[in-house]
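Chemist: Sequence:
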Amino acid sequence: MKKKRNSYKIDFVNFIVPVGFLAAWVLLPAILHTPEYLIPSLKKTGMGLVDFVFGTFRMSPYAGTFWKHSVASWHRVLAGFLIASFLGTVAGMLTGYFQMGRRLLDPFIHMIRMVPGIGWFPLAMVWFGVGNRTTVFLIALAAFFPVYVNTLRAVRDVPPMLLDVGRVMGAGKWQLFKMVILPLSLPGIFTGLRLGMGICWAYLVLGELTGVNEGLGAVMMDARMLGNVDMIIVCMIVIAVWGRIGDLLLLFLYRRVKKETDPYEGE
Numbered sequence: 097m098k099k100k101r102n103s104y105k106i107d108f109v110n111f112i113v114p115v116g117f118l119a120a121w122v123l124l125p126a127i128l129h130t131p132e133y134l135i136p137s138l139k140k141t142g143m144g145l146v147d148f149v150f151g152t153f154r155m156s157p158y159a160g161t162f163w164k165h166s167v168a169s170w171h172r173v174l175a176g177f178l179i180a181s182f183l184g185t186v187a188g189m190l191t192g193y194f195q196m197g198r199r200l201l202d203p204f205i206h207m208i209r210m211v212p213g214i215g216w217f218p219l220a221m222v223w224f225g226v227g228n229r230t231t232v233f234l235i236a237l238a239a240f241f242p243v244y245v246n247t248l249r250a251v252r253d254v255p256p257m258l259l260d261v262g263r264v265m266g267a268g269k270w271q272l273f274k275m276v277i278l279p280l281s282l283p284g285i286f287t288g289l290r291l292g293m294g295i296c297w298a299y300l301v302l303g304e305l306t307g308v309n310e311g312l313g314a315v316m317m318d319a320r321m322l323g324n325v326d327m328i329i330v331c332m333i334v335i336a337v338w339g340r341i342g343d344l345l346l347l348f349l350y351r352r353v354k355k356e357t358d359p360y361e362g363e
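When you line the sequence shown up against the numbering used here, it's residues 97 to 363, in that order.
Bear in mind the hints are in silico, worked out from the structure with no lab data behind them.
Wrong hints could be hidden among the right ones.
[To be verified] With a cut-off of at most 25 Å between alpha-carbon atoms, the simulated PhoX-like pairs for lysine-lysine come out as follows: (1) Lys354 to Lys105; (2) Lys354 to Lys274; (3) Lys355 to Lys274.
Small disclaimer: the values here were computed from a predicted structure and weren't measured.
All chains should be modelled from the sequences, with the hints used to inform the complete structure.
Modeler: And the structure:
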């Protein structure tokens with residue numbers, strides 16, 4: 097039996113780069129005499145973050161509005177991510193498992209993939225106007241492609257010999273999918289989901305720049321108009337933290353699903 101690793105052990109090496117980055121943030125602007133309207137100080141940014149969450153200092157119009165804007169952004173991210181995950185996984189499995197599906201869909205999908213997300217922005221505005229639907233559309237469209245490509249590759253990488261063995265033993269298509277294809281494809285599928293989650297947060301900012309009233313991207317746009325650079329950085333930090341939390345949740349889900357599909361996993 098394999099010995100379980102202690103997943104709760106703190107790896108202090110992980111803190112070296114963040115601490116070095118914070119030290120550079122403190123030292124370099126002072127050495128180079130960089131004005132605060134270009135690079136706000138770490139202290140001012142930290143106070144802005146605390147004010148954004150708790151409304152302690154009343155430094156800006158955004159004081160104490162952290163949860164309102166975070167919930168609005170999470171709503172859009174989750175909506176786009178779920179749409180992209182469902183469509184990307186289904187399309188990837190169909191094109192990966194069925195040759196006819198691959199011949200029909202794969203070339204067209206890769207052509208659409210070559211159009212940058214920003215290129216869909218004007219068309220999305222025409223179709224959906226200003227608001228949630230444009231943002232969700234852009235998020236779902238951008239996140240669809242990494243989910244699709246990784247799912248397709250994961251299904252295609254399942255050794256044909258294992259499928260042949262399953263058929264010889266009398267397994268039907270559903271049994272082959274459940275017992276062979278799905279367990280072996282999970283790492284690739286979840287890699288695509290993790291990439292998709294990261295892209296969701298990137299395109300959230302693009303979508304929320306269309307003029308919505310709430311959301312972290314909307315705060316960034318307002319802060320830019322007001323010249324509040326520290327608030328822009330605060331929103332970047334919040335997006336980074338929320339994005340990492342989303343990534344960790346996917347990792348947790350992957351381990352749970354892997355354990356269900358592979359009873360020997362983790363023993």
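Chemist: All the hints need checking, so say for each whether the structure fits it.
Modeler: A quick look at each hint next to the structure:
As the CA atoms of Lys354 and Lys105 are separated by approximately 22 Å, the hinted pair is consistent with the 25 Å bound. Restraint check for Lys354 and Lys274: satisfied, since their Cα atoms lie roughly 12 Å apart, inside the 25 Å limit. Simply put, Lys355 and Lys274 have alpha-carbon atoms about 14 Å apart, close enough for the 25 Å limit, and the pair holds.
The earlier numbered hints are all upheld by this structure, with none contradicted.
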